[in-house]
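Whenever a hint applies, use it, and build me the whole structure from the sequences.
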Amino acid sequence: MSALLEITGLTKQFPGVLANDNISLTVKAGEVVALLGENGAGKSTLVKAVFGLIKPDKGEIKISGNTMHYGDTAGVIAAGVGMVHQHFQLVPVMSVTENIVLGDEPRKAFFINRKAARAQVIALSERYGLQVDPDAIIEDLPVGMQQRVEILKALRKDVKLLILDEPTAVLTPQEIDELLIVIRTLAKSGVGIVLITHKLHEVMAVADRVLVLRGGKAIGFTSPAQSDEAGLAQMMVGRSVVLRVDKTPAKPGKPALEVVGLQVLDDRKLLSVKGVDLVVHHGEILGVAGVEGNGQRELVEAICGMRHRIAGQVHVDGAETKDLHPHAIHAGGISHIPEDREKHGLVSSYSIADNLVLNQFDVEPFAKGWVRNISHVNTNADDVVAKFDIRTPSAQNLASSLSGGNKQKVVVARELSEDLKVLVAAQPTRGVDVGSIEFIHNQLIAARDRGTAVLLVSAELDEILSLSDRVAVMSGGKIVAIVDSKDADRNYIGRLMAGLKE
Amino acid sequence: MTQSKKKSFDVGTWVIPLIAVIIAMVIAGIMMKFQGADPFRAYKTLFMTSFGSVKGFSATLGKATPLVLAGLAVTIGLRAGLFNIGAQGQLVSGALGTAWAGYTLTGLPAYIHLPIAILFGIFFGGLVGLIAGALKAYRGVHEVITTIMLNSIIMGLSDYLVVYHFREPGQLLTRTREVLPSARLPFVFSLPFGFFIAIALAAVAWWIMANTTSGFRFETVGRNKFAAWYAGISVKRTLMTAMMISGGIAGLGGAVETLGVTYRFEPAFNAGLGFDGITIALLGRAHPLGIIPGAILIGGMRAGASNMQFVAGVATELVDLLMALILFFVTAPLVTRFFKNSGSKSVTGGWGA
Ligand SMILES: Nc1ncnc2c1ncn2[C@@H]1O[C@H](COP(=O)(O)OP(=O)(O)OP(=O)(O)O)[C@@H](O)[C@H]1O
Ligand SMILES: [Mg+2]
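Protein chains in written order, with my numbering: chain A, 587 to 1088; chain B, 96 to 448.
No lab work stands behind these hints, which were simulated from the structure alone.
Everything hinted at is true.
With a cut-off of at most 25 Å between alpha-carbon atoms, the simulated DSS-like pairs for lysine-lysine come out as follows:
no.	chain 1	residue 1	chain 2	residue 2
1	A	644	A	803
2	A	1007	A	908
3	B	331	A	929
4	B	331	A	855
5	A	803	A	973
6	A	1064	A	855
7	A	908	B	331
A short, non-exhaustive set of chain A residues, derived as facing chain B with CB atoms under 8 Å:
no.	residue
8	944
9	947
10	953
Yeah, the Cβ is synthetic: ideal placement off N, Cα and C, and Gly gets one too.
Structure below.
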């Protein structure tokens, strides 16, 4: 039987970066191949080339034996390839249903049969266990929900080869489990699958083979049978990685962040934070655990001045912060790693250097009075790029030229580079490779040890459990329990998250 | 796919406008041929008139003066993500305000009268811009709509004012009195003084955009207003300020034209200057200095048009045709990119690589 996908000698040079260096890969029907590699290793570049979105400098791509050409995405789709992009390809002003059926709409005479389309979407969502609201408008949805729409869109047509570029980065653990089952089922029915992920346990769970990339080169193949998580991590980073977090016990000081009786509406104007009281002390990390959609996002945005507080207050070191005023919040001592890095965290057409001072551009040393000090901006950028290992030939390159994980590192680095009283970190390691996760975790702990109060929100329960000194469990818009980290056992927290009483 | 930023020389920046101008001239030339005219002769006359002699070139720069300012006005808007179609209305408001101050305020020495008259122009242009900016910031009304509507309002209003209130006594023509000598801008090296003001302002604007925190605020709002807001920039205030400054610069264009060239307000005088500003801004790729060559080119076409008609028998409207074609070819790539960057499209931003 001939291979579904056959890549031979693929090479792609970007200005200053050899993104793919003579890479070859075959994927057979019914096989799950995981692509593993650090941020910027060239994974997205490789799959984009398969889909005809990037023009390779050298090499050949065959699908079911037929050579594919750059630009011919229609031909690639016709050959039975479906792709979930790391960078979403949805129309923001259209509904979920419209986006999913786009390009192949059910018709009734000359019109789109909206009822049928909606029914199809509901059936699809039930079949794969990915919950979506068929009538919601894309631009109102959080990224996790958009990701589900992307996946459903790719699964709607019967594909022979399914390419998934970090589909799990923004999904909840339950959804990830469902998706992994879907992947296995599809593979059993003969679909070939290429999966990109930074979560090693997912690779261990579903992959038949693993191709590890480093610096654009194929380091080699392995498989879950031949290796374990530590082995995979070592192979992709080239050194051994500590997957567990080492930290000393916290020495909490005075209360830094105090949230009192906070109530917040979500985008649909429904009450989603229903009276939250929280205290985070200097020198401690408080993790907020919860199933996505239980008000964590709204809580964070309200604390950081990006969403209206309909009741309650937020104090930093005893001083009340202003509602709906990100500038005053930052000046008042809160820094914020936002959940949606593309929308809020970055200006993609700015240089990396400018992005690294996005919320400090008008203060010393980056400006003197009215005039920006560009040379300080640039030296700062060179330092941070080196310290956070942001993979780019130059800090003067545009942020849009960075790989996904490196964009995340830019945002994290910016927020960690000044010591404020409080750090609100929403999904700080989303899309980041294991080596960099280790680094970011150590930086968060170092910030804690310097006396910063850290409020950590993450969909990764493991991240919460390993970093936090205390864990607050959020369910139904309320904090249902606050648990000391030494009592925070995975199952117990999981039950609380699900809304079960003890 | 964005390429890495090249600090020095970016080919796309200069090549696209150049190609747009060349294609436009070829097409217009073919059309002249069909009309039985000789395009080579027409172009030769056009450009020899405007660029072939010192006198002609001075006239060209004179024509270019309000165009530099109109182009700069549109450019400042574009930088903050605003498409200011209303430079025309703002320029006319400025011209009328300046003219009024120029002939009613009597007994002032030039060093007081002249700045006051200019400030009137900036003020009224800025006011009209501010209206559109405030509607955008607080009511979310798209500035393209409001500025187009304001253009019509200003046109009607200024006609009315000149006909019924500000008309030169005993005149049949709808025009105001001449501004007093104490409010006139001098000629320097046979160029209107406004030309130097315009070039200096373009240079200052470029420096501000590139080096100041205000410039950075403008740019950030123009490129991603969600990130701007997150970063603590007041998006509403920035949009309003940008529209006001844009309008003020257009108003200044009307002021220097009135005080330096026409000496009075007459509705027909300023026809189309603001709209030419749009073409110029796009031709100059929304770069504060890039607009200068564009303004001079178009000023030259305007300056040489009547001689071309006289010598080559091609109607002066050819220049309008050329302008339309240039606009068409230069905007095709640019406008699409502008709307792609400025809209709320970034909402779909995923975990992009
Ligand atoms: N359009 C581009 N212009 C310039 N460089 C680019 C461009 N796209 C990607 N690169 C560079 O190519 C390299 C590989 O990028 P790629 O997106 O393939 O990484 P990745 O393995 O998908 O990383 P991640 O895990 O962070 O998503 C990176 O160094 C990136 O900066
Ligand atoms: Mg990637």
